[in-house]
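These protein sequences, in sequence, are chains H and V. Under the working numbering, the first residue of the first sequence carries the number 1, and numbering increases by one thereafter. Under the working numbering, the first residue of the second sequence carries the number 1, and numbering increases by one thereafter.
Where hints are given, some of them may not hold.
Said to hold, decoys possible - In the SDA-like style, the derived pairs of lysine to any residue whose C-alpha atoms are separated by at most 20 Å in a straight line are:
hint: 1; chain 1: V; residue 1: Lys8; chain 2: H; residue 2: Asp132
hint: 2; chain 1: V; residue 1: Lys8; chain 2: H; residue 2: Arg179
hint: 3; chain 1: V; residue 1: Lys124; chain 2: V; residue 2: Glu231
hint: 4; chain 1: V; residue 1: Lys8; chain 2: H; residue 2: Val134
hint: 5; chain 1: V; residue 1: Lys124; chain 2: H; residue 2: Arg31
Please keep in mind that the hints were generated in silico from the structure rather than gathered at the bench. Given the structure is predicted, the values throughout are model-derived calculations rather than measurements.
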Amino acid sequence: MTATPDLASKPPAGTRRQMLAELWFYFSQNRGAVIGLWVTLALVVVALAAPLIAPHAPSMQYRDAFLVPPFWQEGGSTRFLLGTDAIGRDILSRLIYGSRYSLFIGAVVVTIALVGGIVIGLVAGFFGGWVDAVIMRVMDVILAFPSLLLALVLVAVLGPGLMNAMIAIALVLQPHFARLTRAAVMAEKNREYVVAAQVAGAGRLRLMFRTILPNCLAPLIVQGTLSFSNAILDAAALGFLGMGAQPPTPEWGTMLAEAREFILRAWWVVTFPGLAILITVLAINLMGDGLRDALDPKLKRS
Amino acid sequence: MIRFFLGKLLYLVPTFLGVTIVAFGFVRVLPGDPVLLMAGERGISPERYDQLMQQLGYDQPVWWQYLEFLGRLFRGDLGESLVTKSPVLSEFLTLFPATVELALCAIVLATLIGIPAGVLAAVKRGSWFDQISMGTALIGYSMPIFWWGLLLIILFSGVLGWTPVSGRISLLFFFPEVTGFMLIDSLLSGQDGAFGSAVAHLILPTIVLATIPLAVIARQTRSAMLEVLGEDYVRTARAKGLPWRRVVGVHALRNAMIPVVTTIGLQIGVLMAGAILTETIFSWPGIGKWMVDSIFRRDYPAVQGGLLMVAAIVMAVNLIVDLLYGLINPRIRHV
Numbered sequence: 001m002t003a004t005p006d007l008a009s010k011p012p013a014g015t016r017r018q019m020l021a022e023l024w025f026y027f028s029q030n031r032g033a034v035i036g037l038w039v040t041l042a043l044v045v046v047a048l049a050a051p052l053i054a055p056h057a058p059s060m061q062y063r064d065a066f067l068v069p070p071f072w073q074e075g076g077s078t079r080f081l082l083g084t085d086a087i088g089r090d091i092l093s094r095l096i097y098g099s100r101y102s103l104f105i106g107a108v109v110v111t112i113a114l115v116g117g118i119v120i121g122l123v124a125g126f127f128g129g130w131v132d133a134v135i136m137r138v139m140d141v142i143l144a145f146p147s148l149l150l151a152l153v154l155v156a157v158l159g160p161g162l163m164n165a166m167i168a169i170a171l172v173l174q175p176h177f178a179r180l181t182r183a184a185v186m187a188e189k190n191r192e193y194v195v196a197a198q199v200a201g202a203g204r205l206r207l208m209f210r211t212i213l214p215n216c217l218a219p220l221i222v223q224g225t226l227s228f229s230n231a232i233l234d235a236a237a238l239g240f241l242g243m244g245a246q247p248p249t250p251e252w253g254t255m256l257a258e259a260r261e262f263i264l265r266a267w268w269v270v271t272f273p274g275l276a277i278l279i280t281v282l283a284i285n286l287m288g289d290g291l292r293d294a295l296d297p298k299l300k301r302s
Numbered sequence: 001m002i003r004f005f006l007g008k009l010l011y012l013v014p015t016f017l018g019v020t021i022v023a024f025g026f027v028r029v030l031p032g033d034p035v036l037l038m039a040g041e042r043g044i045s046p047e048r049y050d051q052l053m054q055q056l057g058y059d060q061p062v063w064w065q066y067l068e069f070l071g072r073l074f075r076g077d078l079g080e081s082l083v084t085k086s087p088v089l090s091e092f093l094t095l096f097p098a099t100v101e102l103a104l105c106a107i108v109l110a111t112l113i114g115i116p117a118g119v120l121a122a123v124k125r126g127s128w129f130d131q132i133s134m135g136t137a138l139i140g141y142s143m144p145i146f147w148w149g150l151l152l153i154i155l156f157s158g159v160l161g162w163t164p165v166s167g168r169i170s171l172l173f174f175f176p177e178v179t180g181f182m183l184i185d186s187l188l189s190g191q192d193g194a195f196g197s198a199v200a201h202l203i204l205p206t207i208v209l210a211t212i213p214l215a216v217i218a219r220q221t222r223s224a225m226l227e228v229l230g231e232d233y234v235r236t237a238r239a240k241g242l243p244w245r246r247v248v249g250v251h252a253l254r255n256a257m258i259p260v261v262t263t264i265g266l267q268i269g270v271l272m273a274g275a276i277l278t279e280t281i282f283s284w285p286g287i288g289k290w291m292v293d294s295i296f297r298r299d300y301p302a303v304q305g306g307l308l309m310v311a312a313i314v315m316a317v318n319l320i321v322d323l324l325y326g327l328i329n330p331r332i333r334h335v
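Generate the whole structure from the sequences, applying the supplied hints.
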């Protein structure tokens with residue numbers, strides 16, 4: 001009783017390492033995915049080292065430099081490489097600090113949505129019957145609303161702010177994880193290895209989290225990556241609408257909202273924060289695409 | 001087929017009840033007293049307060065209030081807007097055509113470009129066309145569309161001066177609303193230049209709103225085509241000596257379209273419910289902008305009614321898509 005279940009539940013280290021090596025092999029075949037990975041890593045470094053890299057403090061207002069254009073344009077200077085905004089703050093520094101918010105938002109939202117969705121989906125798929133029916137109807141209700149609208153209304157209820165925006169976005173993204181987990185659990189739960197574990201005396205919690213869950217992870221990882229970029233986009237959209245992070249936070253969406261009235265006078269105030277969002281989201285999506293192809297056995301046959 | 005339809009419809013009843021609970025609960029969980037909120041800044045006498053409390057039914061137990069809310073709902077009464085004092089339903093219906101017009105234009109544009117691009121990319125897999133179109137699609141899919149809209153305004157309205165910045169038609173034109181669709185009404189009015197002005201106002205919002213659906217449709221068409229092109233029946237058709245064009249256009253395309261049609265349908269549902277960001281940027285007087293404005297004005301009856309209508313529209317469109325799916329793909333009808 002002591003030796004056998006251990007062998008069954010823990011594969012030898014070699015197999016797992018080999019699986020990771022295989023995953024990396026297929027992932028690295030995809031040029032876009034590798035570029036996405038490097039850009040994402042660079043962003044993480046920028047976010048972590050923001051106080052070291054940023055040339056100015058993000059909320060420092062230079063009274064002598066309102067709406068200074070980027071350095072290559074007439075009137076610009078290398079003191080403010082990407083120019084300044086309407087109250088004289090250095091845009092490059094704000095963008096560098098903003099990367100912290102975006103990556104933080106993505107990480108927090110995906111963690112909440114992933115953990116919540118996995119637990120809910122496991123319970124629904126494992127128990128079935130009325131538990132499943134009730135849970136899935138609640139998920140349907142959430143999905144019946146357009147996600148940004150529901151998040152907006154939730155933030156209106158909770159009060160504007162970055163934390164509440166993250167909670168709201170996690171809540172509207174979570175049904176996708178629950179549905180995926182449930183479908184995977186239903187496909188796996190009658191397989192022989194699960195029955196074997198059950199016969200060997202594994203309890204419900206062990207069956208759910210140790211036996212079944214590791215075999216449902218592939219689609220969840222892919223969905224997690226795509227949700228990471230969705231969370232960044234939605235949080236920026238809420239910030240843009242004035243319901244997310246509040247000024248003077250250097251969050252990219254909030255920066256865009258503040259810049260809106262200057263769009264026809266100072267293109268750089270509007271262009272750079274959006275470009276930062278686009279590059280970040282694009283890099284993560286490239287990585288997500290690569291992961292999906294690497295994890296999908298159907299595409300591996302060639 | 002009728003059983004299939006009734007089954008789907010029955011399935012939606014608990015979901016819709018859930019939606020009504022969310023919309024009802026939304027106003028109840030808001031911080032603050034609803035009557036004081038309604039009275040606004042000026043304050044209110046205690047007698048008037050009690051009277052309003054009673055009149056609005058807030059002195060009743062919550063479950064009774066909910067049943068009354070449902071009862072009013074079935075009579076088509078969504079309450080009155082706090083700001084305009086007009087019925088929420090009629091306000092919604094006045095703005096709805098603007099949203100539908102924009103949503104339809106966007107989905108037509110997305111489909112007309114997305115499907116051919118996806119098919120061509122799949123047929124010429126690995127070519128420069130495939131790489132460029134799929135790269136562009138991924139950029140479109142990753143686009144923060146509120147920023148995209150601002151960029152287009154800078155370029156086309158600011159620098160080039162080709163298109164107007166906001167609204168549905170120039171203020172110079174005034175004519176009665178017949179259908180609510182500006183493109184049709186402007187033609188009916190017979191005024192010179194009215195139609196052109198309506199089109200010019202539509203172009204930028206349509207491009208912005210179409211961006212993400214276009215990317216999704218192109219990517220999905222490509223992967224569906226690739227899957228189908230690998231099937232045995234495609235090889236058989238080819239081996240029979242049918243020309244490649246016919247194999248792709250008839251055998252493969254028809255089967256590949258099944259998942260794509262579903263995607264398009266689901267996108268319509270979302271777009272019909274109001275394009276919050278696009279409508280806000282271009283001041284497009286539709287449902288999305290109205291909802292955002294109502295949230296900011298704390299016009300809670302409007303938000304409540306809007307939420308209900310929006311969810312109902314999404315659910316109805318999804319039901320229709322489900323039915324069409326059953327029609328074009330008989331295999332799932334019996335599951």
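Outcome of the hint check:
For the given pair, Lys8(V) sits about 18 Å from Asp132(H) by alpha-carbon distance, which is consistent with the 20 Å threshold. About 19 Å separates the Cα atoms of Lys8(V) and Arg179(H), which keeps this hinted pair within 20 Å; it holds. A threshold of 20 Å between alpha carbons decides the hint, and for Lys124(V) with Glu231(V) the separation of about 17 Å falls inside it, so the pair holds. Restraint check for Lys8(V) and Val134(H): satisfied, since their Cα atoms lie roughly 17 Å apart, inside the 20 Å limit.
Between Lys124(V) and Arg31(H) the alpha-carbon distance is near 19 Å, which keeps this suggested pair within the 20 Å criterion.
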